[in-house]
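S.K.: Model the full structure from these sequences, guided by the hints.
There are 2 protein chains.
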Amino acid sequence: MNASHHTTRPATRPATDTTYLSAPAVAELVRRKGLAQSLRGIADNIHADFLRWPAFDKSARVANHSRDGVIELMPIADDRLYSFKYVNGHPRNTRIGLSTVMAFGVLADVDTGAPLLLSELTLTTALRTAAMSALAARTLARPGSRVMALIGNGAQSEFQALAFQHLVGITTLRLFDVDPRASAKLVANLAGSGLDVSVCGSTAEAVRGADIVTTVTADKTNATIITPDMVEPGMHFNAVGGDCPGKTELHADVLRQAQVFVEYTPQTRVEGDIQQLPADFAVTELWQVLAGQRSGRASDHAVTVFDSVGFALEDFSALRFVRDTAAELGLGDTLQLIPELADPKNLFASLRQPAVPRAVVTAPAHA
Amino acid sequence: MNASHHTTRPATRPATDTTYLSAPAVAELVRRKGLAQSLRGIADNIHADFLRWPAFDKSARVANHSRDGVIELMPIADDRLYSFKYVNGHPRNTRIGLSTVMAFGVLADVDTGAPLLLSELTLTTALRTAAMSALAARTLARPGSRVMALIGNGAQSEFQALAFQHLVGITTLRLFDVDPRASAKLVANLAGSGLDVSVCGSTAEAVRGADIVTTVTADKTNATIITPDMVEPGMHFNAVGGDCPGKTELHADVLRQAQVFVEYTPQTRVEGDIQQLPADFAVTELWQVLAGQRSGRASDHAVTVFDSVGFALEDFSALRFVRDTAAELGLGDTLQLIPELADPKNLFASLRQPAVPRAVVTAPAHA
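Residue numbers (the numbering used here), protein chains in the order written: chain W, 767 to 1133; chain H, 767 to 1133.
Don't take every hint at face value.
Put simply, identical chains are the same to the list, so a pair is met inside one copy or across any two.
Listed next, the in silico DMTMM-like pairs over lysine to aspartate or glutamate satisfying Cα-Cα at most 25 Å (straight line) [to be verified]:
(1) 824 x 810
(2) 824 x 834
(3) 799 x 945
(4) 799 x 834
(5) 799 x 1106
(6) 824 x 845
(7) 824 x 1066
(8) 824 x 1090
(9) 799 x 985
(10) 799 x 845
(11) 799 x 1090
(12) 824 x 945
(13) 824 x 877
(14) 799 x 1094
Hints were generated in silico from the structure; no laboratory data involved.
M.R.: Okay, structure coming up:
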């Protein structure tokens, strides 16, 4: 089985079948749909789902912590669809050639519990995080923002850069990373993007004069990447890297002088940069601004912070995008995760009859 | 892709590969290993894992409830392996030809977060529930128990019957179900098992004189399948069907006169038959009896109840069994759920290079 083959499903596809999108299949999906169009599609889905915020059964994610990392499950549902994401965070993984963050997820039918889709979510998480950041900045940053500082030039940085180019209108990027090789990789990956990219010698230099500051650093520490002296009136901070207990990026005084916007307050209080502040520190949930229930930026001089940690609803939105796009492009395989039973009350019978493999029609996806 | 093919893995199998066991593959695994041997293998794993109880990072399951059912995630980990199960409960599913309970799960590497195995768990859950019941009865029922009443003759009942035959020594079964077709199906499926099986006209008739009473009914109500007048000295009750809020099988007075044993107290207080009783009602966790830390049955005349709801550790144990047995039998496919990256800090590069499908050697599993 590999992702360059897809399955033509019969009209009588059993309700027990699960569509499977591998990591190579989703990479191919994004190549064929186009990265900008994929980011737009996911942002549109997130926007539509955030407007339906009260319709979702929400909870903070469930984490199992270990010496070198964490494994989390992120479930959410409305009255038709259920999704969860499995995601790890292991900063030492890169030393053995593995990604720090790896993920996959499932969309299921709320009416029956049947799993409809199993998809990779490593690449998709990078896309949805960038789409979420761009959607927040389009809502909170000053209109006409063109210059972005991008602090932390690791695996997520290209997606942030391109989402802000295509969805927010950023034309100029000022980069900084403690590892010059990370910045060099980002510069190389952005060649031909049309972005005006320069590498700076420090965070302070990159931030100076920027309209938007995106922090997407990886260290699992209470860091102070952004200190109060760097903050200029009107700036929007897109704080992505402070996303679990003990991992922050902004000095507490940066938060105190800003309007702070979050995804889902109960989760952000524990995981976001605001974990440094008292539980009654005032924040606004972004969906309320999108829905017109709360105001966003107070003035051109206000400082806004999107304290992003990543919420299950964004994965729900992204899974809907890959499901619909895979159907449109004819991508995906089929899994038999669930037994197909002649009589559902007779599970035991599945042991008696050897399974008759169903015919699967495959064709090269590039045909 | 289908389960009658398996993959011969190269020595250099990437750490990003995930073994996949479909529903037909696990059915084939159980056929080839043998049902009795599979039940024994899972019970042995559960026993071994229960003896290591304090080593596990445990939590109650996470549930999303909807009009017709529930979808749950059940994570658990020790310092080497992480597992979770996805499982639904939709009693109306059988009306449209789907199982009430469908499940799948994952084993992952705690050190890296990489998913090692994705397996069906619908059939496997039936096996592990029966293995768990038999392990508890072997520990708690009177030695020499030979007669079991089996109340509720649905999808789980064959597995309970055969686990108690092979692991506990039950020779005689007395059946009752409100639906006579369910009992007829169970009788037919047990033909040739060597069990002496009779169908009774009521629960009371089936229970009379039994050594062990297993209740595995499906109605999502506070039922009283077993009332105090049915209880005889020395009986062991294996109460399997009362397993979520609002779903019980035993009259509260049956519990009050018995020694009650549970899997994981915080979960059973909410989901088990003891949800009817105050939070300080005395219970004993089974692992403590297995480990010799608490006593089990007090005397031949005591009434014991195993108030079983199904705990994540049992799925962990069952996933280890299917993983090891699949490796032994050469079963399973391979999924690329995680991107294989030349440089894990350069996720973006996976969009540039079309994936080169890796060669997969397949051969008929029956070869």
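S.K.: Now tell me, hint by hint, if it's right for this structure.
M.R.: So, going through the hints one by one against the coordinates:
no., hint, in the structure
1, 824 x 810, "within (20 Å within a copy, 38 Å between copies)"
2, 824 x 834, "between (28 Å within a copy, 18 Å between copies)"
3, 799 x 945, "neither (32 Å within a copy, 53 Å between copies)"
4, 799 x 834, "neither (36 Å within a copy, 37 Å between copies)"
5, 799 x 1106, "between (33 Å within a copy, 21 Å between copies)"
6, 824 x 845, "within (12 Å within a copy, 29 Å between copies)"
7, 824 x 1066, "neither (34 Å within a copy, 49 Å between copies)"
8, 824 x 1090, "within (23 Å within a copy, 36 Å between copies)"
9, 799 x 985, "neither (33 Å within a copy, 47 Å between copies)"
10, 799 x 845, "neither (29 Å within a copy, 41 Å between copies)"
11, 799 x 1090, "within (11 Å within a copy, 40 Å between copies)"
12, 824 x 945, "neither (38 Å within a copy, 38 Å between copies)"
13, 824 x 877, "within (18 Å within a copy, 29 Å between copies)"
14, 799 x 1094, "within (10 Å within a copy, 42 Å between copies)"
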